[in-house]
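*Asks:* Chain by chain, the residues:
2 protein chains.
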Amino acid sequence: MAWPSGADGTKMWCCERLESAVAPPSDETINKVLWRIPNVLCLVGSRAGEEWNGMTTSWVTQVSMEPVLVAIAIDRSALTHRLISQGGAFSINLWDRADTRPFVKFSKPATKEGMTLNGRPIREGSTGVPIFEEAIAFIECTVWDQRDVGTHTVFYGELVDCGFQGEGEQAEVARMEDTRMKYGGVKRH
Amino acid sequence: MAWPSGADGTKMWCCERLESAVAPPSDETINKVLWRIPNVLCLVGSRAGEEWNGMTTSWVTQVSMEPVLVAIAIDRSALTHRLISQGGAFSINLWDRADTRPFVKFSKPATKEGMTLNGRPIREGSTGVPIFEEAIAFIECTVWDQRDVGTHTVFYGELVDCGFQGEGEQAEVARMEDTRMKYGGVKRH
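So the sequence lines, in the order shown, correspond to chains A and B.
Letter by letter, the first sequence follows residues 1 to 189 in my numbering.
Letter by letter, the second sequence follows residues 1 to 189 in my numbering.
Chain A on its own, in the form it takes in the complex (with noise of 0.2 Å):
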């Protein structure tokens, strides 16, 4: 792992200091350590055009609340981040924890057949990105801004709608705990 550098490719105040005093982590402990963050685990919806997707994710959680601002972090090279950026519009999609099924084959670009993603019944949210049937709970967003950040893009989506669906209010949702996936960490090379 290189020191820190900022954004801009400057170094930090505390860079100097820094590299007179520990040793960076090893990749395991950074893994280890980071897999222990409670993340979600939901399904992102993204539509440009004809082109509609749903994709597992986990990087999600408000960020402000005037406005509503909810941010996730995307994959750089995922069919997902094309059509959120062409689309200027996203769902998550919260899901019960006692079905985690979906979320292996959703983190490869989904089949759309009909109003279905990979099977799963899907409908037209208010601005036009899918939202799952089956979702316990989903919140659409417009992109209020995006900012690339290494290897992801943070959207950050402006509440629109949201709602619970069916009992989906007395439901629990899913968390990457309740897999065996694991996801973050240092990437791999």
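Treat the hints as calculated values from the structure; they're not laboratory data.
Computed from a predicted structure; not experimentally measured.
Hints are not guaranteed to be accurate.
Unchecked claim - Which bits of chain B does chain A cover? Going by a derived footprint, with three or more residues having C-beta under 8 Å, they are: (1) 44-55; (2) 100-112; (3) 115-122; (4) 145-159; (5) 164-173; (6) 177-188.
Backbone N, C-alpha and C fix where the C-beta goes; we use that ideal spot for every residue, glycine too.
For chain A, the structure is supplied; the task is to place chain B on it using the hints.
*Replies:* Below, chain B alone, put in the same frame as chain A:
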């Protein structure tokens, strides 16, 4: 809730469509849905010169694997906001979910006596920020970049040190759901 207009104030592509579509959800619905996004509950350590603080924080997620970046969203009126802006670094202290007592107390500026904050022992990390000795794991970051977003600022932290402490590798990390606290949703006026 006003219809979204983007960070630069321009109307989004989809607004005409939106305005003819659904009514915005109620504040109550927004709160109920957003409170369901699973989040950590941790203490963020910050410091500028002789001012030290620890603050209960829940809007935390990794956002990049190379460089390794962890984002935290901090209220712009919080002492921690000023200390991170001035000091250029912060620590994320993951806590044992079996001991959620510190979180209410650390919702206000902390009292420092010797090397303690609110009576909890701290040490100086490699960047100078406080790290809580009782944390089950810590992540120490320098500020790679920061972005004002509505009520909060997102600090992009580049990992410079991290590790488990004590028996931390066997412990479970505290989450918002382990307490009666709620954070997020719409701003209360």
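*Asks:* Evaluate each hint against the coordinates.
*Replies:* Hint check results:
1. Residues of the segment 44-55 of chain B with a Cβ under 8 Å from some Cβ of chain A number 0, which does not satisfy the need for three, so the listed coverage is violated.
2. Check result for the segment 100-112 of chain B against chain A: violated, 0 residues qualifying (beta carbon to beta carbon below 8 Å, three or more required).
3. Coverage of the segment 115-122 of chain B by chain A is violated in this model, with 0 residues showing a Cβ closer than 8 Å to a Cβ of that chain against a need of three.
4. Here's how the segment 145-159 of chain B fares: 10 of its residues keep a CB closer than 8 Å to some CB of chain A, so the rule of at least three is met and the hint holds.
5. For the segment 164-173 of chain B, the stated coverage by chain A is satisfied: 3 residues place a CB nearer than 8 Å to a CB of that chain, which reaches the threshold of 3.
6. Counting residues of the segment 177-188 of chain B whose C-beta sits closer than 8 Å to any C-beta of chain A gives 4, which meets the bar of three, so the coverage hint holds.
Hints 1, 2 and 3 from the earlier list are contradicted by this structure; the remaining hints agree with it.
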